[in-house]
Amino acid sequence: MEKRPINIRKGAVNTNFEVTGMVSTSGILPLDEAREELLREASIEAEKSGREKAQEEAGPTRSLLVFFLGAEGFAVDLAHVRKVLRPDRIARVSGAAPEVLGLMNCHGEVLCVLDLRRILSPGKETAPPAAAEGKFIVVIQHGGKEAGFLVDAVRDVTELPASSVHPVLDSIDPSRARLFEGTVACGGQFVGLLSPSACLNP
Amino acid sequence: MRRTVRRPAVAVGVPEPVTTGSVDLLVIDDGAALRGYDCRDVVRVEVVAGGAGGYLVRLGRLGSPREVACREVLGSVALSTREIRPVPETLRERMTGEMPWAVGLTERGMYLLY
Numbered sequence: 001m002e003k004r005p006i007n008i009r010k011g012a013v014n015t016n017f018e019v020t021g022m023v024s025t026s027g028i029l030p031l032d033e034a035r036e037e038l039l040r041e042a043s044i045e046a047e048k049s050g051r052e053k054a055q056e057e058a059g060p061t062r063s064l065l066v067f068f069l070g071a072e073g074f075a076v077d078l079a080h081v082r083k084v085l086r087p088d089r090i091a092r093v094s095g096a097a098p099e100v101l102g103l104m105n106c107h108g109e110v111l112c113v114l115d116l117r118r119i120l121s122p123g124k125e126t127a128p129p130a131a132a133e134g135k136f137i138v139v140i141q142h143g144g145k146e147a148g149f150l151v152d153a154v155r156d157v158t159e160l161p162a163s164s165v166h167p168v169l170d171s172i173d174p175s176r177a178r179l180f181e182g183t184v185a186c187g188g189q190f191v192g193l194l195s196p197s198a199c200l201n202p
Numbered sequence: 001m002r003r004t005v006r007r008p009a010v011a012v013g014v015p016e017p018v019t020t021g022s023v024d025l026l027v028i029d030d031g032a033a034l035r036g037y038d039c040r041d042v043v044r045v046e047v048v049a050g051g052a053g054g055y056l057v058r059l060g061r062l063g064s065p066r067e068v069a070c071r072e073v074l075g076s077v078a079l080s081t082r083e084i085r086p087v088p089e090t091l092r093e094r095m096t097g098e099m100p101w102a103v104g105l106t107e108r109g110m111y112l113l114y
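Chains A and B, in that order, give the protein sequences. Numbering of the first sequence is given in our numbering, commencing with residue 1 and proceeding in unit increments. Numbering of the second sequence is given in our numbering, commencing with residue 1 and proceeding in unit increments.
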């Protein structure tokens, strides 16, 4: 609604000015309505500036994709997620490291699919390769490298203040700890924030 | 921009860029994946008698002799240069066995080219 300044009409008897209402494109608003309109606008402005102030105080935010391996939650910065796919035919590769599930045709490109469970638990190399049915592949890109990581379920995208990322616990095994940027509280659960660089580089 | 795929130096000593034409491959099933070998390099295919059976593909017409045991020989396929893709770096870094020089990507399937 386009608004013009409050209409001021010179009084007929004295020289005082009388405020009669506000002119809008739909006509003249009565004074009460005009006042309400102004108060509403002022309240919207105050709310907006309050939100901006709160955001400034909280600092920059990060968008994270949250996913699961069994009951354990993980997150990765959305900036490094290229796409999320359902697994298609994965061609196995003989002579590859145990975490390599194989190669997949990803819209005409060759995608290397890795078993995130094996990357996170390298000791369990005798376990059979994960079955891909009903799961998801999160395609992560970083530093010119790209790979798909097989995960059990993808929950959602969460926006959190960057300051809410806590350091990795000292009690975690260093070989596993190197795969994480930190931990974040997400939906009442602590999830490990994966480092895309560490996960892509063996 | 797509990276140029280079064939290994089997004949002339210099890796050969695959930019035009097509490559004829003998496709075998090694039990885990489909492998493709340059048809020009195949000397002969032998049936392995006894044991688990299978076939032995003798190579070396273009270069040094080598042999590959496989479960099945599936036949030959001609891949156009568009269907020959570089090996993803994430796989390259995780290869502990023989490294394929390219990946053949067709609607029919995926082949590792050795």
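Treat the hints as calculated values from the structure; they're not laboratory data. Given the structure is predicted, the values throughout are model-derived calculations rather than measurements. It is possible that some hints are incorrect.
[As the list claims (entries may be wrong)] Some chain B residues judged to face chain A by a derived CB distance under 7 Å, without partners named:
1) Asp30
2) Ser80
3) Glu83
4) Arg94
5) Val103
6) Thr106
[Said to hold, decoys possible] Examples of chain A residues toward chain B, derived with CB under 7 Å:
7) Gly95
8) Pro98
9) Val100
10) Cys112
11) Ala147
Even for Gly, the Cβ is constructed at its ideal location relative to N, Cα and C.
Hints versus structure:
Taking 7 Å as the C-beta cut-off, the interface hint given for B/Asp30 holds, the closest approach to chain A being about 6 Å. Hint status for B/Ser80: violated, given a least beta-carbon distance of 14 Å to chain A, over 7 Å. Look at B/Glu83: its Cβ only gets to about 10 Å from chain A, farther than 7 Å, so that hint breaks. A cut of 7 Å between beta carbons decides the hint on B/Arg94: the least distance to chain A is about 4 Å, and the hint holds.
Interface restraint check for B/Val103: the shortest CB-CB distance to chain A comes to about 5 Å, inside 7 Å, so the restraint holds. With 7 Å as the threshold, the beta carbon of B/Thr106 stays out of range of chain A, its nearest partner Cβ sitting at about 9 Å, so the hint is violated. Interface hint at A/Gly95: satisfied, since its Cβ lies 2 Å from the closest Cβ of chain B, which is below the 7 Å cut-off. Among the interface hints, the one on A/Pro98 is violated; its C-beta lies about 9 Å from the nearest C-beta in chain B, farther than the 7 Å criterion.
Look at A/Val100: its Cβ gets to within about 5 Å of chain B, closer than 7 Å, so that hint holds up. Taking 7 Å as the C-beta contact cut-off toward chain B, the hint placing A/Cys112 at the interface holds, the least distance being around 4 Å. The restraint placing A/Ala147 at the interface with chain B holds, with a minimum CB-CB distance near 4 Å, inside the 7 Å limit.
Consistency with the previously given hints fails for numbers 2, 3, 6 and 8, ordered from lowest to highest.
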